[in-house]
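Colleague: Listed below are the residues making up each chain.
Protein chains: 2
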Amino acid sequence: MRNMSDIIEQYLKQMIAESKNEVVEIKRAQIAEKFDCVPSQLNYVIKTRFTNELGYIVESKRGGGGYIRITKIETHKKADYLEHLLNLIGDGLSQTNAMHIIQSMYDAEVISFREAKIIDTVIARETLMIGLPKRDIVRAQILRNIIEVILYEE
Amino acid sequence: MRNMSDIIEQYLKQMIAESKNEVVEIKRAQIAEKFDCVPSQLNYVIKTRFTNELGYIVESKRGGGGYIRITKIETHKKADYLEHLLNLIGDGLSQTNAMHIIQSMYDAEVISFREAKIIDTVIARETLMIGLPKRDIVRAQILRNIIEVILYEE
DNA sequence: ACAATCTTGACTAATTTTAATCAAATAAGT
DNA sequence: ACTTATTTGATTAAAATTAGTCAAGATTGT
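If you read the sequences in order, they're chains B and Z.
All the letters of the first sequence, read from the start, carry residue numbers 1 to 154 under full-length UniProt numbering.
All the letters of the second sequence, read from the start, carry residue numbers 1 to 154 under full-length UniProt numbering.
Hints may be right or wrong, so weigh each one.
It does not matter which identical chain is meant; a pair holds if it fits inside one copy or across any two.
Said to hold, decoys possible - Derived DMTMM-like pairs (lysine to aspartate or glutamate); straight-line CA-CA distance at most 20 angstroms:
(1) K61 <-> D6
(2) K47 <-> D80
(3) K27 <-> E59
(4) K20 <-> E148
(5) K61 <-> E33
Calculated directly from the structure, the hints in this document are not laboratory data.
Please construct the entire structure, taking both the sequences and the accompanying hints into account.
Modeller: Structure (structure tokens):
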């Protein structure tokens, strides 16, 4: 790791990853001490690496018993969204509907463009060389499983 | 070896060759010191010998802990590799063989870890709820199509 | 001699680190 | 309760640490 800010960033992200609810709560001075840097460096790291843009909410309190709390929200939202999609998919799924769902996932930035293309290909009727009604059932099963992979990663 | 730029070029290429992932990461000032030249000479060498044209990607960061990272990308090799995999896949494909291919693709850095997991899921017999021998045929078809998506992108 | 390439250094830009000062919340003393 | 002191985070600005650009001068090849 190249510099102190990166190290602290990694440390905090690790804490969030290990946490139950995508949250970490720290005492600024304590972390500064741990990494042997000035306290305000924590503010710098937070301001440059835990922005709202990147899906973090930062709350803090001063005074005795003060703290800084960093919450990662995007994953929650994404999880909710993916759960929603899972509910949407019934026993069967047409190619058109599947493609709409894939497009939606791409728009929601849950999957990359390449992943979208891969999944599109997988659920195409030309790829699944099976007759109806079985084809729609397999397609639903495939997409459900893919969503679960994304949902339960990390 | 006639001049400093050539020497530095050779040095960097040597580093890349010895590296695990066709990457070298340097500190500009440090290399300049090592070869007793001005730092900006590194920029010259990189600009003239590690161009995108020649298959290199250069990334950098300034400030404390800054760096210059040069990555060699072997697009041709990857294409050859993927073609090879396509030839490998016959009319049918067992889950075990498919998983080996997926692992290989991940090792070759042709797919990401997440993509590997997605594809693993898709080709699992639990996902493809079809009986043999049809299942192996569909699996082969799916993997072939996925590889083609990756092969013919961009 | 001419053209292309290389070397050098001054200046610029980005990023990180550090310190000083400010503001808010709590704790303590009266 | 009220005032004061202490603790703790926020903000800002300065300094330090890198890398990038550009252009003038030097060297080399033809």
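Colleague: Compare the structure with each hint and give your call.
Modeller: Structure-based check of each hint:
Within a single copy, K61 and D6 get their C-alpha atoms only as close as 24 angstroms, which misses the 20 angstroms cut-off; across copies the closest is 12 angstroms, which meets it. In this assembly of identical chains, the alpha carbons of K47 and D80 never lie at most 20 angstroms apart, being 27 angstroms within a copy and 45 angstroms across copies at closest. For a Cα distance limit of 20 angstroms, the shortest separation of K27 from E59 inside one copy, 12 angstroms, qualifies, whereas the shortest one across copies, 34 angstroms, does not. For the identical chains of this complex, K20 and E148 are intra-copy neighbours only, at 19 angstroms inside a copy versus 33 angstroms across copies, given an alpha-carbon limit of 20 angstroms.
Only within a single protomer do K61 and E33 lie at most 20 angstroms apart by alpha-carbon distance; the minimum there is 19 angstroms, versus 27 angstroms between protomers.
Checked against the numbered hints above, the structure violates only hint 2.
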